[in-house]
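K.L.:
Just so you know, the protein sequences line up as chains A and B, in that order.
Start counting the first sequence at 1; every next residue gets the next number (this note's numbering).
Start counting the second sequence at 1; every next residue gets the next number (this note's numbering).
Don't read these hints as lab results, they were simulated from the structure.
Think of the CB as a built atom: it goes at the ideal place given N, C-alpha and C, for glycine as much as any other residue.
Take the hints with a grain of salt, since some may be wrong.
[Stated by the list, open to error] According to the in silico footprint, chain B covers these stretches of chain A (three or more CB under 8 Å from chain B):
# : region
1 : 49–61
2 : 149–163
3 : 169–177
4 : 181–187
[Claimed, not checked] Below, in silico cross-link-like pairs of lysine to any residue (SDA-like), each with a Cα-Cα straight-line distance of 25 Å or less:
#  : chain 1 : residue 1 : chain 2 : residue 2
5  : B       : K11       : A       : A12
6  : A       : K92       : B       : M245
7  : B       : K187      : B       : L103
8  : A       : K92       : B       : G246
9  : B       : K11       : A       : I17
10 : B       : K3        : A       : G8
11 : A       : K268      : A       : F50
12 : B       : K11       : A       : A18
13 : A       : K124      : B       : G136
14 : A       : K49       : A       : I247
15 : B       : K3        : A       : I247
16 : A       : K206      : B       : L91
17 : B       : K11       : A       : G8
18 : A       : K6        : B       : I15
19 : A       : K102      : B       : G246
20 : A       : K130      : B       : Q225
21 : B       : K11       : A       : V10
22 : A       : K6        : B       : E5
23 : A       : K4        : B       : L8
24 : A       : K236      : B       : L8
25 : A       : K92       : B       : H252
26 : A       : K206      : B       : V9
27 : A       : K6        : B       : F129
28 : A       : K6        : B       : K3
29 : B       : K3        : A       : L7
30 : A       : K6        : B       : H252
31 : B       : K11       : A       : I15
32 : B       : K3        : A       : D2
33 : A       : K92       : B       : L251
34 : A       : K130      : B       : Q59
35 : A       : K92       : B       : Y253
36 : A       : K102      : A       : G237
37 : A       : K206      : B       : F129
38 : A       : K6        : B       : L8
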Amino acid sequence: MDLKYKLGIVIAIIIIIAYLIFIPSKSYERIQIAGSTSVQPVAEKLAEKFQETHPNVRINVQGGGSSLGISSVSQDITDIGTSSREIKAREKPGLNEYIIGKEGIVIAVNNQNNVNDLTTDQVKDIFSGKITNWKEVGGPDLEIHVITREDGSGTRSAFENLIMGDTEIRPDAIVQSSTESVKQAVRQDPGAIGFVSLARMSSDVKALKIDGVAPSEETVFDGSYNLQTPFIFIVKGEPEGIIKEFIEFTLSPEGQAIVKEENVVPVK
Amino acid sequence: MAKYEEFLVEKGLFITAILSILVILLIIGFIFREGLPAIESYGFFNFIFGLDWSPTEDQFGVLTMIVGSIGITLLSLLFAVPLSLLCAIFLAEIAPPFMRKILKPVIETLAGIPSVVYGFFGLIVLVPFMRVQFGGTGFSMLTASLILTVMILPTIISISQDALRSVPHEYKEASLALGATHWQTIKNVIFPAAIPGIITAIILGMGRAIGETLAVIMVAGNVTQIPNSIFDPVRALTSNIALEMGYATGLHYNALFATGIVLFIMIMILLVIANYFHYKKKVVIGGGYL
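If we strip away everything but chain A, and leave its shape as in the complex, we get (with noise of 0.2 Å):
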């Protein structure tokens, strides 16, 4: 080939690449959303239908955890940080929050455990390691497996509120980095007890009651099921324009029914 031709090509590449660069799209409105990863789906599901309607806006999902929604959302990395716990006082300052719906937290076993119901005291020595043998509250002889989450995950983080307050989960207590490995983790072996989102939740592990009250949409919604986190929507100041438009939505009936749809408990 000869050696005009190829210097021909590389300018063209180059030509178009710069025009790739510096000519923009067609220009959206974006909505930057980050943060919890268990609200990630129902965000991804409300980002959607709402972009049906606004077919200018451009809303981009993303995971990270409940920290990084919130400290993203105060160093106003992000336009809408989520959070599958409540935040604390010290993170408060100037955040904004909108509950879109609840979510329960299920304490799960193993289908073959003859445990059904558990208080809340129990389960608490349980994952403290006070209580190691599920003789102890009425099950087989057989010793418990504890199962948690990793460190800073939502999920744990509104299990240890709920119920271990001030104590620790037990240091030899086997983590798993997702709420489907603890369901597989649970599912295979029958000493095993872990917790995982009610959303997430399968005919693969059995839900305990917890003082005396089983785990479902309608109980974590009148409130009787106390095991439950809010799964929250933070803004920084007051929302305006086009975000203030998608959490109306997410809270307007049209919005909640979608919550509802992916299994969370909507809030209205």
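Fit chain B to the supplied structure of chain A, relying on the hints for placement.
P.N.:
Same frame as chain A, but now just chain B:
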């Protein structure tokens, strides 16, 4: 014109080579810049020899994870090295061509399977098996090592096989001509001559075992403790970073990068050892070496 083209190609290659070095330096610089604040503020010895890792209480000791990483890696090498060396010798020297044609792609496929698949297989099949056989939760150092063994086999097999096959034919011919049997030739001539390459293969396998993250997260249990036996759960350095990076802010974030520095230093040490043996064990013939 040809000269001009030669010049362009030469400079082009030079620039790409420099770029790759630059990228590595940038990565190292970034890891150290992000990680050093944590080591400085927590103290080097507290960090390396601390037994307590609980980021929510600002405790950042990584010794349990160093032990975990090294334990998992050594255990998997213990299983993988004899297995893969014998396999490599078989493939390079003994297997008939048609068998090599079947085995080689199969082993290479083993390397191509994504680690999440290995991890999921471990979680579904191996963990329950270990729990039933050995008690405990099934999440353990041994479980992780077994998964890693399968993952590093193809690396060690294919590289040491190449090393064995690159031993010059004259050696083999000379040995056989002197009356040695095939096995004696393999044991006393071919294998020793291929040792530098084989060591490189083992070190590369070791690097893969230390660096593997996802599969280990799924089966090792991730408990930050010094294991009492190989049936206890452990957490590896890589798992620690992957587990918590999503949530980390402030000093915790720096501490995770510092974990990366520890990992980086461990891998550097391995590479230095590898190079040392590579040059020490090389066979010198005439002007050059193998």
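K.L.:
So, for every hint listed, does it hold in this structure?
P.N.:
Status of each hint after checking the structure:
1. 49–61: violated (count 0)
2. 149–163: holds (count 4)
3. 169–177: holds (count 7)
4. 181–187: Per the Cβ count (3), the hint holds.
5. B/K11 x A/A12: Distance ~22 Å between B/K11 and A/A12 Cα, so the pair holds.
6. A/K92 x B/M245: holds, 23 Å
7. B/K187 x B/L103: holds, 22 Å
8. A/K92 x B/G246: holds, 21 Å
9. B/K11 x A/I17: Answer holds: B/K11 to A/I17 is near 23 Å, not above 25 Å.
10. B/K3 x A/G8: Since the Cα atoms of B/K3 and A/G8 sit roughly 20 Å apart, the hinted pair holds (cutoff 25 Å).
11. A/K268 x A/F50: Holds: A/K268 and A/F50 sit about 19 Å apart, inside 25 Å.
12. B/K11 x A/A18: holds, 24 Å
13. A/K124 x B/G136: holds, 21 Å
14. A/K49 x A/I247: Given that 25 Å is the threshold and the Cα spacing comes to 13 Å, the pair holds.
15. B/K3 x A/I247: violated, 65 Å
16. A/K206 x B/L91: violated, 50 Å
17. B/K11 x A/G8: holds, 20 Å
18. A/K6 x B/I15: holds, 19 Å
19. A/K102 x B/G246: Distance ~23 Å between A/K102 and B/G246 Cα, so the pair holds.
20. A/K130 x B/Q225: Satisfied, since the Cα-Cα distance of roughly 19 Å is no more than 25 Å.
21. B/K11 x A/V10: Holds, at about 16 Å.
22. A/K6 x B/E5: holds, 11 Å
23. A/K4 x B/L8: holds, 14 Å
24. A/K236 x B/L8: The given pair, whose Cα atoms are some 54 Å apart, is violated under the 25 Å limit.
25. A/K92 x B/H252: OK: A/K92 and B/H252 at ~21 Å, within 25 Å.
26. A/K206 x B/V9: Cα-Cα ~66 Å, so violated.
27. A/K6 x B/F129: violated, 61 Å
28. A/K6 x B/K3: The given pair, whose Cα atoms are some 16 Å apart, holds under the 25 Å limit.
29. B/K3 x A/L7: Given that 25 Å is the threshold and the Cα spacing comes to 16 Å, the pair holds.
30. A/K6 x B/H252: Violated: A/K6 and B/H252 sit about 52 Å apart, past 25 Å.
31. B/K11 x A/I15: holds, 23 Å
32. B/K3 x A/D2: holds, 14 Å
33. A/K92 x B/L251: Given that 25 Å is the threshold and the Cα spacing comes to 20 Å, the pair holds.
34. A/K130 x B/Q59: holds, 24 Å
35. A/K92 x B/Y253: holds, 21 Å
36. A/K102 x A/G237: Given that 25 Å is the threshold and the Cα spacing comes to 23 Å, the pair holds.
37. A/K206 x B/F129: holds, 22 Å
38. A/K6 x B/L8: holds, 12 Å
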